[in-house]
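The listed protein sequences derive, respectively, from chains W and G.
For reference, each letter of the first sequence is one residue, going 16 to 404 in this note's numbering.
For reference, each letter of the second sequence is one residue, going 16 to 404 in this note's numbering.
No lab work stands behind these hints, which were simulated from the structure alone.
Accuracy of the hints is not assured; some may be wrong.
If several chains are the same, the list does not tell them apart, and a pair holds so long as it fits within one copy or across any two.
To be verified - Below, a list of computed lysine to any residue pairs in the SDA-like style, where the Cα atoms sit at most 20 Å apart:
| hint | residue 1 | residue 2 |
| --- | --- | --- |
| 1 | K145 | A43 |
| 2 | K140 | G173 |
| 3 | K145 | M44 |
| 4 | K278 | G32 |
| 5 | K145 | P24 |
| 6 | K352 | I242 |
| 7 | K278 | G83 |
| 8 | K140 | A367 |
| 9 | K170 | Q85 |
Number of protein chains: 2
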Amino acid sequence: MENFTFWTPTKYVFGRGVEENTGELSAAMLGGKVLLVYGGRSAEASGLLGRVRHSLDSHAVEYHELGGIQPNPTDDRVYEGIDIVREKGISGILAVGGGSVIDTAKAIAAGALYDGDFWDFYCGKAAIAKALPVGVVLTIPAAGSEGSGNSVITKLDGMIKISIRTEEVLRPRFALMNPELTFTLPPFQTACGIADMMAHIFERYFSTTPGTDLTDRVAEGVLRSIIELAPVVMDDPCNYDARANIMWAGTLAHNGICGTGRKEDWASHAMEHEISAVYGVAHGAGLAVVMPAWMTFMAKNRPERGAQMARRVFGVENPVDTEAAIEGVMKLRKFFKSINLPTTFDGLGIEAPDIDLLVSRLHANKGATIGGYYPLTAAETALIYQLAI
Amino acid sequence: MENFTFWTPTKYVFGRGVEENTGELSAAMLGGKVLLVYGGRSAEASGLLGRVRHSLDSHAVEYHELGGIQPNPTDDRVYEGIDIVREKGISGILAVGGGSVIDTAKAIAAGALYDGDFWDFYCGKAAIAKALPVGVVLTIPAAGSEGSGNSVITKLDGMIKISIRTEEVLRPRFALMNPELTFTLPPFQTACGIADMMAHIFERYFSTTPGTDLTDRVAEGVLRSIIELAPVVMDDPCNYDARANIMWAGTLAHNGICGTGRKEDWASHAMEHEISAVYGVAHGAGLAVVMPAWMTFMAKNRPERGAQMARRVFGVENPVDTEAAIEGVMKLRKFFKSINLPTTFDGLGIEAPDIDLLVSRLHANKGATIGGYYPLTAAETALIYQLAI
Numbered sequence: 016m017e018n019f020t021f022w023t024p025t026k027y028v029f030g031r032g033v034e035e036n037t038g039e040l041s042a043a044m045l046g047g048k049v050l051l052v053y054g055g056r057s058a059e060a061s062g063l064l065g066r067v068r069h070s071l072d073s074h075a076v077e078y079h080e081l082g083g084i085q086p087n088p089t090d091d092r093v094y095e096g097i098d099i100v101r102e103k104g105i106s107g108i109l110a111v112g113g114g115s116v117i118d119t120a121k122a123i124a125a126g127a128l129y130d131g132d133f134w135d136f137y138c139g140k141a142a143i144a145k146a147l148p149v150g151v152v153l154t155i156p157a158a159g160s161e162g163s164g165n166s167v168i169t170k171l172d173g174m175i176k177i178s179i180r181t182e183e184v185l186r187p188r189f190a191l192m193n194p195e196l197t198f199t200l201p202p203f204q205t206a207c208g209i210a211d212m213m214a215h216i217f218e219r220y221f222s223t224t225p226g227t228d229l230t231d232r233v234a235e236g237v238l239r240s241i242i243e244l245a246p247v248v249m250d251d252p253c254n255y256d257a258r259a260n261i262m263w264a265g266t267l268a269h270n271g272i273c274g275t276g277r278k279e280d281w282a283s284h285a286m287e288h289e290i291s292a293v294y295g296v297a298h299g300a301g302l303a304v305v306m307p308a309w310m311t312f313m314a315k316n317r318p319e320r321g322a323q324m325a326r327r328v329f330g331v332e333n334p335v336d337t338e339a340a341i342e343g344v345m346k347l348r349k350f351f352k353s354i355n356l357p358t359t360f361d362g363l364g365i366e367a368p369d370i371d372l373l374v375s376r377l378h379a380n381k382g383a384t385i386g387g388y389y390p391l392t393a394a395e396t397a398l399i400y401q402l403a404i
Numbered sequence: 016m017e018n019f020t021f022w023t024p025t026k027y028v029f030g031r032g033v034e035e036n037t038g039e040l041s042a043a044m045l046g047g048k049v050l051l052v053y054g055g056r057s058a059e060a061s062g063l064l065g066r067v068r069h070s071l072d073s074h075a076v077e078y079h080e081l082g083g084i085q086p087n088p089t090d091d092r093v094y095e096g097i098d099i100v101r102e103k104g105i106s107g108i109l110a111v112g113g114g115s116v117i118d119t120a121k122a123i124a125a126g127a128l129y130d131g132d133f134w135d136f137y138c139g140k141a142a143i144a145k146a147l148p149v150g151v152v153l154t155i156p157a158a159g160s161e162g163s164g165n166s167v168i169t170k171l172d173g174m175i176k177i178s179i180r181t182e183e184v185l186r187p188r189f190a191l192m193n194p195e196l197t198f199t200l201p202p203f204q205t206a207c208g209i210a211d212m213m214a215h216i217f218e219r220y221f222s223t224t225p226g227t228d229l230t231d232r233v234a235e236g237v238l239r240s241i242i243e244l245a246p247v248v249m250d251d252p253c254n255y256d257a258r259a260n261i262m263w264a265g266t267l268a269h270n271g272i273c274g275t276g277r278k279e280d281w282a283s284h285a286m287e288h289e290i291s292a293v294y295g296v297a298h299g300a301g302l303a304v305v306m307p308a309w310m311t312f313m314a315k316n317r318p319e320r321g322a323q324m325a326r327r328v329f330g331v332e333n334p335v336d337t338e339a340a341i342e343g344v345m346k347l348r349k350f351f352k353s354i355n356l357p358t359t360f361d362g363l364g365i366e367a368p369d370i371d372l373l374v375s376r377l378h379a380n381k382g383a384t385i386g387g388y389y390p391l392t393a394a395e396t397a398l399i400y401q402l403a404i
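So here's chain W without its partners, still in its complex pose:
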């Protein structure tokens, strides 16, 4: 096991009606003047934004708004938010939405306190030393951004999609998580969220660090729970307990508890980021395509972890690692198909992917080799993209 720091100060308030606490927690943790960041029509139409505004008003929290944040959020909205923060003297950022909204809120929170261009943090020119406090009302269980110190933003110039991770400074101060808010998520978005949270665990599970048995067992437990409850939320979208377990799983998948003490991988995320940057697909759907292809490559080249996952999570009994790992990939693909996710480029609506473009962008943005479990060269990432056709 490697040395690690695990620091998750987020106050999770979870359950029915918890969005009623928005005003009280914002007043206590975000200060008296917040920037309310949100996405599209659904939060307005459902009445959620109205309840949030009312709760802020009730606690005398002044707010300004930045709405219309899109999936795969872009730098232009971050600059816009930073301008509002500076102009209005905003004391904290309140994100109402899913990962795209939260990641935008985090970028604004850090960028507003930085003299240079916020993109410096994403392109590696600067580290985030401080940020305004961020609070969250979560509506989409997927990205895990409500509990993570991470943020993913796409730079419009060149459509460069970059993920950053901080130990603690970008972790939200609070996250209000009402599973009922997810009852109306469309099935495809629910399924994409499930693929995303599973991928967050896989990226941590495929590791060369020995002796992290406890972290393995926790990660396998979260995976098993997701796999068992995914069919329930797909069949019965208003099943409170199933939605609640899936929502909490999305947080545990990405707050770091499934990765303590070991080197991680993250090649599949990097490979998917290029697909969604170039083709504009949903991140979760892209992951459902890339991860099995990546695992197929690993079954041949480094099968140990895939075999353990196949046995412990999917109940595969084959004693030969390479074969067990391949059986695990087959079961994973079958699972993704069962919740109507694509598992090939074709299913993403990309009939002839430009693999040369994806590979050249990938290694230009992320380096000569990609991934901590097995560092992939350009020839190898090209092969994995091929395996996804």
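Here the structure of chain W is known, so what remains is to put chain G in place on it, guided by the hints.
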């Protein structure tokens, strides 16, 4: 699933040599003048206390000392600590040790800022509104106090042992966890710690709340990991990875992650507290005696959770709940015996336990019925104590 709040702001710094960060973290999180609380000879003899003092000196943190805290810590040392805090103007408490030391530090931290008698918090007369910050250098993985908001103190007058829980205010600001510091723990103390952490999970696992599948899976994962690695640390006390996994398991067992979203039990802890208060036994050894007896009763009266645990943690295949639960108890007793823990009063050195005394104290201190999974009357707690003979 029930609504819950999960708030664990503790900064865990885990791994080899992390005690070298004591001065830096104390200066940042405990203020400039700390009370250094510790236990007996081992921390001094091993050189740990010397390294801690050196680290404090290096960061210009002034410290005063309160040493010699005993297992099953008592209120007299808390009063002594509170006096030092007030006299010296202490800004934070640094605990170097295991649960007894940390729990004493927490009681001092809360009591020093309270106008009345700190025991008011333990006997239910007052709730803790504020406390000085507490930091930890952990030497014994067992109580989980390094990550919990809990504290257990025994009042010498009447030997009343009471546990309290706060949501966040008593959680340590940081916990420095170096598994190497546990290499020299005596085998009995190692085993007692293992029983204690398992009990912390069982108390949360035996629940009447439906629909907490994810929490189940996480709890089962931590239990499995403990059961697999316990023989390794017993046979090979200097095995770093095994010690590291056991140490981290002790934290996860009690920081709340194994209990999210459900009602908990805690009858076994209450029953054990009377045994250790009356007979002065080690808490973990007492739990190894009480928990199987309690589970035996439950196998007959409410077998569902015991059966699930038996199947998922111990691999029992019996489809009949009552029988599966009993098989689980047998495997648990066998496990405790394998790490040389007692499973009967006799093994604790108590040949003729005064069950009437234990039962009358228990219900006088904790109420007419005990436990959230199955509220036990005095006749039933007497029967369970009988089952432990």
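Here's how the hints hold up against the structure:
no., hint, verdict
1, K145 / A43, "both (19 Å within a copy, 16 Å between copies)"
2, K140 / G173, "within (18 Å within a copy, 64 Å between copies)"
3, K145 / M44, "both (15 Å within a copy, 17 Å between copies)"
4, K278 / G32, "between (38 Å within a copy, 19 Å between copies)"
5, K145 / P24, "both (15 Å within a copy, 18 Å between copies)"
6, K352 / I242, "within (12 Å within a copy, 36 Å between copies)"
7, K278 / G83, "neither (37 Å within a copy, 40 Å between copies)"
8, K140 / A367, "neither (35 Å within a copy, 71 Å between copies)"
9, K170 / Q85, "within (13 Å within a copy, 59 Å between copies)"
In this structure, the hints that do not hold are numbers 7 and 8, in rising order.
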